[in-house]
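Q: Just so you know, the sequences run in chain order U and V. Note that my numbering has the first sequence beginning at 1, numbered continuously upward. Note that my numbering has the second sequence beginning at 1001, numbered continuously upward.
Simulated from the structure, these hints should not be mistaken for laboratory data. Please note that a few of the clues may not be correct.
To be verified - Calculated cross-link-like contacts (lysine to aspartate or glutamate; reagent style DMTMM-like; alpha-carbon spacing at most 20 Å):
| # | chain 1 | residue 1 | chain 2 | residue 2 |
| --- | --- | --- | --- | --- |
| 1 | V | Lys1159 | V | Asp1111 |
| 2 | U | Lys25 | U | Asp92 |
| 3 | V | Lys1342 | V | Asp1161 |
| 4 | U | Lys25 | U | Glu35 |
| 5 | V | Lys1159 | U | Asp93 |
| 6 | V | Lys1159 | V | Asp1082 |
| 7 | V | Lys1159 | U | Glu35 |
| 8 | V | Lys1159 | U | Asp95 |
| 9 | V | Lys1159 | V | Asp1071 |
As the list claims (entries may be wrong) - Here are the simulated distance ranges between beta carbons:
| # | chain 1 | residue 1 | chain 2 | residue 2 | range |
| --- | --- | --- | --- | --- | --- |
| 10 | U | Leu2 | V | Arg1498 | 51 to 61 Å |
| 11 | V | Arg1162 | U | Ala70 | 22 to 32 Å |
| 12 | U | Ala70 | V | Gln1207 | 45 to 55 Å |
| 13 | U | Ser54 | V | Val1211 | 15 to 25 Å |
| 14 | U | Ala70 | V | Gly1110 | 20 to 30 Å |
| 15 | V | Val1440 | U | Ala23 | 48 to 58 Å |
Where a beta carbon is used, it is the ideal one built from N, C-alpha and C, also for glycine.
Now for the letters of each chain:
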Amino acid sequence: MLLNEFLILAAFLFCTGVYGVLARKHAVLVLMSIELMLAGVNINLVAFGAFHNSDIGQVFALFVLTIAAAEVGIGLAIVLLIYRNLHSADLDDVDSLKG
Amino acid sequence: MLSAATVHIATPAFDWHAFAPDLVLVATMVVVLVADLLLPDRESWRTSSIAAVGLLGALVPIATLVHSGHDRNLFNGAYVVDHYALALKAFFIIATYITVLLSVDYIREGDYYKGEFYFLLLVSTFGMSIMASSRDLISLFVALETISIPTFVLATFRKHDRASNEAGVKYYLIGVLSSALMLYGMSLIYGVTGATKLSDIAAYMSQHGTVPLVAVAMFLSLVGFAFKVSAVPFHFWAPDTYEGAPTPVTAFLSVASKAGGFVALINIVYFGFFLPNGRAADSWWPVLWVLAALSMTLGNLVALRQTNIVRMLAYSSVAQGGFMLVPFAAAGIAGADGHPGKAAAAMSAVVIYLLIYGAMNLGAFAVVIAVARRTRSAEISSYDGLWEIAPGLAVVMGIFLASLAGVPFFAGWFAKFVMFRAIIDAGTGWAIALGIIAAVNSVIAFFYYARPIRAMIFHAPTTEDRTPIVIPQPLFAAIALTVSVVVVVGIYPQVFARVGELAF
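Isolated chain U (complex conformation):
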């Protein structure tokens, strides 16, 4: 059955996400990149689940989806706070603590 194709797609999505987190400076784009990484994880889980002919992979993917939604909720709230206080959502502006 098809497995490698899915794994390659997942790895590509994951790596795009990692690149986005490292290269992007806007907080919302970083959040979106993290979502890409999690999408890669989910494709992996579902593909392996089908490969092993078991449900666990799909169940795991459902948990990942749910918790990622909760995380992004918190993340957007924090980004909104930053935007209110600094009038910018650029992560380079968040640099008052050092040492």
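Place chain V on chain U using the hints.
A: Then chain V, alone, in the frame of chain U:
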């Protein structure tokens, strides 16, 4: 498959007694949230009492479970309540109780949401309690997120303060990135072994040994956990977050949340990739060896040049995390060397170190909060002449710092002792090399732990103000509790040694 016509879902046997500590925590959460809704704003700080009572109440079923004596396996062994889990549950609950004591007056006097603060603390504690029992990748992941998500909000709790915002956003981004890395690793582990339950993974690994993909998967998962326990080179969020977050939250992050990460690490590494014969240990011990060596060295060296005591304690906690990873790596070395029996002692050293570190670090933060009530500052210079102004606080701070440094006859020396014993037991060249790095670092640590002590005793106070520092009762109770643990365990280390032995 899900599409199959006949799906048999067996109702799992539900052992209410085994779940009682978690259920008490959930009930407390709900009561705190509802009480916050019903109480007028002025009175809502009283939710702290409800949280405190609930946390102490959760210790009762733990005591009865210890008394009943036998291990309980639920959901086919995906959720285990044994002595190891119970010891850690008790530790997490007591650490949170002390955090509540630290927070009462801090939160009451600040312009914060009061009820929600304790609710979030309890949710995080609930996650830790689940974590201690999880023996399945899915529940490990859910527990880890239940620990982390409330702490993201707690770190950002002073919402109009830029430092707190920054603390929150850094902690959040690093936390989410690390979970994504860890999840990718977990998905590969599932792909190779076809199982998420740790006992099934262990069975697969002991049969097949380490295949290359598993080494990659373990590396990714360990990187994820290294962020959570702030091991070097994944530590850079910790000092900023610790400095910017409200100080009681910092105490909670540096002890309870970090311990949660360590427990996750123990669960996955020991129950999934070590038992029953230690054959798979070569997939992870080199990573932990490097993390331990880097964390100890860099944490200590950077701590030397800090002028802010919270940042110093942050780097000290990075270094202490490195010390905790040492017996961990030693366990892996012993296992890969063909002596899995020695590893159990090394793993119990990790647990003992965690318990002792929790007491002394919470105590140190309690004193920092007490001193900051008067000075409104966390600079080490604000400790000048504390011996003249508040001799009691100065002595207690001295005890905590000496214990963190590992001076004999305070609890910290026993933590260091079990660490070095694990190294000597493992006995190979790699283990001895790590032991030498740890020994050099224990000496470096003396210098920066001694600096606040020197400031307290030998420097003249910067102000003429000699009014005594008023310590509110809950804060006093927290200091008294932690200092008595540090002193008693220092003199009778058998107390914690017994806990560690029972756990493994």
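Q: Would you mind marking each hint as holding or not holding in the structure?
A: Tested hints:
1. Lys1159(V) <-> Asp1111(V): 10 Å, holds
2. Lys25(U) <-> Asp92(U): 7 Å, holds
3. Lys1342(V) <-> Asp1161(V): The given pair, whose Cα atoms are some 50 Å apart, is violated under the 20 Å limit.
4. Lys25(U) <-> Glu35(U): 16 Å, holds
5. Lys1159(V) <-> Asp93(U): 17 Å, holds
6. Lys1159(V) <-> Asp1082(V): At roughly 41 Å apart (the allowed maximum being 20 Å), Asp1082(V) and Lys1159(V) break the hint.
7. Lys1159(V) <-> Glu35(U): 25 Å, violated
8. Lys1159(V) <-> Asp95(U): 17 Å, holds
9. Lys1159(V) <-> Asp1071(V): 44 Å, violated
10. Leu2(U) <-> Arg1498(V): 51 to 61 Å: 55 Å, holds
11. Arg1162(V) <-> Ala70(U): 22 to 32 Å: 26 Å, holds
12. Ala70(U) <-> Gln1207(V): 45 to 55 Å: With Cβ atoms ~37 Å apart, the hint is violated.
13. Ser54(U) <-> Val1211(V): 15 to 25 Å: 19 Å, holds
14. Ala70(U) <-> Gly1110(V): 20 to 30 Å: 26 Å, holds
15. Val1440(V) <-> Ala23(U): 48 to 58 Å: 38 Å, violated
Hint violations for this structure: numbers 3, 6, 7, 9, 12, 15, all remaining hints satisfied.
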